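Taken in sequence, the protein lines are chains A and B. Those letters in the first sequence? Residues -5 to 108, per our numbering, in order. Those letters in the second sequence? Residues -14 to 100, per our numbering, in order.
Since the hints were made in silico from the structure, they are not lab data. Since this is a predicted model, take the numbers as computed values, not measurements. One should not assume that every hint holds.
No more than 25 angstroms apart at the CA atoms, straight line, and that leaves these computed lysine to aspartate or glutamate pairs for DMTMM-like [as the list claims (entries may be wrong)]: (1) K100/A / D70/B; (2) K100/A / E41/B; (3) K7/B / E52/B; (4) K7/B / D25/A; (5) K103/A / E36/A; (6) K103/A / E29/B; (7) K62/A / E9/A; (8) K103/A / E37/B; (9) K4/B / E37/B; (10) K103/A / D53/A; (11) K4/B / E81/B; (12) K4/B / E38/B; (13) K100/A / E29/B; (14) K(-1)/A / D70/B; (15) K25/B / E36/A; (16) K25/B / D49/A.
In case you want the letters, here they are:
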Amino acid sequence: DQQVKQNSPSLSVQEGRISILNCDYTNSMFDYFLWYKKYPAEGPTFLISISSIKDKNEDGRFTVFLNKSAKHLSLHIVPSQPGDSAVYFCAASSAGAGSYQLTFGKGTKLSVIP
Amino acid sequence: ETGVTQTPRHLVMGMTNKKSLKCEQHLGHNAMYWYKQSAKKPLELMFVYSLEERVENNSVPSRFSPECPNSSHLFLHLHTLQPEDSALYLCASSLELLSKGETQYFGPGTRLLVL
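Given only the sequences and the hints, what does the whole structure look like? Please build it.
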């Protein structure tokens, strides 16, 4: 049973507009959340993270929002650029289970159209 | 350049073959990981090593055998695999076993096809 779900396998956005990628989780023990980006033929690279004590974390064009009551997080990319086209993975961990145990979603493929 | 390299990048093997996947990290990290990504499934953690000692084996079949001879190298020895073992195998490393704020650096992966 998937504990981290990314229900949209793909998303297309016009260049300059906002991209919103969503992630839901079921395990209430998760206390740390990460987003990774993956280009073809490369490994995932870390993008941004958020601790469960926060509801927002911002890094340049990337902002992650966490809604603990809804067990939902989202990644906002503003403005979207063609180089943002990649697969985005949401991941979660809990200190209790060993925070190295990352549970990943299946990923969302983002295409930014010039 | 992530500093984590994996060889080979692609591998085709028969069910009776024995092969090994190699991972090397040049980041001075102390923890290394093997992940598996099957088609249409999330990345799944297979093995975790910290300071060359295995700290996690997530119910992985014995036909997969990891080896960590030093903190820079990690191997995954494969024998008598099944076609359903065909997947992308990713290696990762982190400075220490992941703690809040730590991140894992991934290699490019080995695409394995078992015939």
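Status of each hint after checking the structure:
1. K100/A / D70/B: holds (18 angstroms)
2. K100/A / E41/B: holds (22 angstroms)
3. K7/B / E52/B: holds (10 angstroms)
4. K7/B / D25/A: violated (32 angstroms)
5. K103/A / E36/A: holds (14 angstroms)
6. K103/A / E29/B: holds (19 angstroms)
7. K62/A / E9/A: Outside the cut-off at roughly 30 angstroms; violated.
8. K103/A / E37/B: Since the Cα atoms of K103/A and E37/B sit roughly 35 angstroms apart, the hinted pair is violated (cutoff 25 angstroms).
9. K4/B / E37/B: holds (21 angstroms)
10. K103/A / D53/A: Within the cut-off at roughly 21 angstroms; holds.
11. K4/B / E81/B: At roughly 29 angstroms apart (the allowed maximum being 25 angstroms), E81/B and K4/B break the hint.
12. K4/B / E38/B: holds (22 angstroms)
13. K100/A / E29/B: Within the cut-off at roughly 10 angstroms; holds.
14. K(-1)/A / D70/B: holds (23 angstroms)
15. K25/B / E36/A: holds (17 angstroms)
16. K25/B / D49/A: violated (30 angstroms)
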